[in-house]
Amino acid sequence: MVSGKRKKAGNWRYIVIYLMIVAILIYVLIQGFFLVKTGKASYVVAESGDLQNIIEVDGVLTRQEQLVLASEAGVVEYYYPSNRHLSRGALVCALIDTEYGALLEEKMQEVYRQMINEAASAEYAEDFERLDQKISDQISSYLTQKQATGFSGLYTLKADIQNTMFQRSNLLAISQNSRIRALLKEQGIYQAKMDSDSVQMTLPYAGLICYTYDGYEGWSADQVQENFVRRYDSEYKTISLNLQEVRKGDPLYRLITGNEWYITVFADQDQADFFHEEDFLDFYLGTEAVSGIVYRVEASGDMTKVIIRMTEYLDEFSNQRVMRVRFLRSGSQGIKIPLECILQKEYFVVNGNYLYKSGDRIGLMIRSESRDEFVPIDILKDEGPGGLMDAMHRVWINLPRGVSEGALMIANGSDLTKELREKTVESYVNTVNGGYQVEKIIQIDYTADLYAIVSGIDLYDRVQIP
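Quick note on numbering that gives the first Met the number 0: the sequence shown kicks off at 0 and runs consecutively.
Everything labelled a hint here was simulated from the structure, so no lab data went into it.
Be careful, since some hints might not be right.
Ranges of calculated distance between the beta carbons of each label pair, as one might list FRET restraints [unchecked claim]: (1) Leu398 with Glu225: 49 to 57 Å; (2) Gly217 with Arg83: 19 to 27 Å; (3) Glu234 with Asp457: 50 to 58 Å; (4) Gln224 with Thr446: 30 to 38 Å; (5) Ser47 with Val437: 19 to 27 Å; (6) Asp49 with Asp381: 25 to 33 Å.
Derived DSS-like pairs: lysine-lysine, alpha-carbon spacing no greater than 30 Å straight-line [as the list claims (entries may be wrong)]: (7) Lys344 with Lys417; (8) Lys335 with Lys422; (9) Lys417 with Lys380; (10) Lys344 with Lys422; (11) Lys344 with Lys439; (12) Lys422 with Lys439; (13) Lys344 with Lys380; (14) Lys417 with Lys356; (15) Lys439 with Lys380; (16) Lys380 with Lys335; (17) Lys247 with Lys236; (18) Lys417 with Lys439; (19) Lys380 with Lys422; (20) Lys356 with Lys380; (21) Lys439 with Lys335; (22) Lys356 with Lys422; (23) Lys344 with Lys356; (24) Lys356 with Lys439.
Ideal Cβ placement from N, Cα and C applies to all residues, glycine included.
Based on the sequences and whatever the hints tell you, model everything.
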């Protein structure tokens, strides 16, 4: 008997489990059916966001600058790196007679060859060889890679060699040290003579030095025309700072003076009003936030020429002539949805004194030949003074089922009648929350970049994409 009861209990457990599995499968099938039915619909969630209306145009940078050229041929030696602010009278570079430049180069190579030969001697000890290899690497770096910055690089190389020589002083013979020092001293003699015969290139004004140019140095904003950007195909050329010969008239450096930089843009008719209305602008050059004063706005054919003055050095743009400029025209914050969600259609408009209430429903009293009939309605929008049923209050509705356009509505509390004909076109969206689709009239407060800031729906509503 006990075993029989256990067997029945076990059977019941199997039955219960089986029924649960069947119920789950039925639920999944039902959900799948509804998923297929609604699978063509897509939704977005209405979220809080902001939109910006941006004017984006090409701009032309101009500034007070000049390209300094070599007054004579020679070997040029530079003393400062690019994009350095220097005071008036600073020595930027020197032009040395070509004969002395070649002689010094030849003498230096003689020193390097002799020192490399010494480093290869088999009589040196292991430590001695290690230090000689270090000197060899320093010399080879200059000879093969030409990384030195003009003659100033030779001084750096000399200091590196002397530092390594100090470490090997206990290994090198005195005669060897003396000979190398004599050769280095000989370099100094040539250097002193070259200094006396060189042309010193000093700054006539304080400013920013650059070793690039594009051929438009000295241009002003007044010279920039609408077709400048289309015709501009120049790239900034780089002036090498390595030891080199230059001819008379070759570019040596570019000097930017003054702290007034200008950006010139051309706006179409729709954009022009923005610049007429603003005196001070915050905008973007590339990705950099800058500000400036609207210096001049003038007609230029079908376009409007706008010159903006910036009162600061923009070192990072010293090698830029044409840049993408972005102006924030306006913006708004609120509930943000894609424009593709928004539809339009006609709605009927009814004054509040034609509304009736029956139980918990609001509706219209429609007069027909046989009798007056209460017809429930869904109010999608209402506005105006007083309460919902005030004569000055207005509501927006869809045409009720079973009612035709032009039907007679009876005013609440009187025998006045009015045809149901007044209509307006409104924007609306369909929301789907909790499995129910609800049509909502919205107000578009702002649009930009395929999105809209709207009112009339709630935050986190699921808005249908048609």
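Restraint check for Lys356 with Lys439, where alpha carbons must lie at most 30 Å apart: Measuring from Cα to Cα gives roughly 22 Å; hence the hint holds.
Proposed proximity, Lys380 with Lys417 (alpha carbon, max 30 Å): 20 Å, holds
Arg83 and Gly217 - C-beta distance against the hinted 19 to 27 Å: Once the Cβ atoms are compared, 21 Å apart, the range 19 to 27 Å for Arg83 and Gly217 holds.
Lys380 paired with Lys335 [C-alpha distance capped at 30 Å]: 20 Å, holds
Satisfaction of hint between Lys356 and Lys417, Cα-Cα up to 30 Å: 18 Å, holds
Pair hint Lys439 and Lys335, alpha-carbon separation not exceeding 30 Å: Roughly 15 Å separates the two Cα atoms, so the pair holds.
Restraint check for Lys335 with Lys422, where alpha carbons must lie at most 30 Å apart: Roughly 28 Å separates the two Cα atoms, so the pair holds.
Pairwise hint evaluation, Lys417 against Lys344, where the allowed Cα distance is 30 Å at most: 23 Å, holds
Distance restraint between Lys417 and Lys439, which requires alpha-carbon spacing of 30 Å or less: 26 Å, holds
Restraint check for Lys344 with Lys439, where alpha carbons must lie at most 30 Å apart: It holds: about 12 Å lies between the C-alpha atoms, which stays within 30 Å.
Given pair status - Lys422, Lys380, alpha carbons within 30 Å: 13 Å, holds
Supplied distance hint 50 to 58 Å, evaluated on CB atoms of Glu234 and Asp457: Between Glu234 and Asp457, where Cβ atoms are some 54 Å apart, the hint holds.
The structure shown violates none of the earlier numbered hints.
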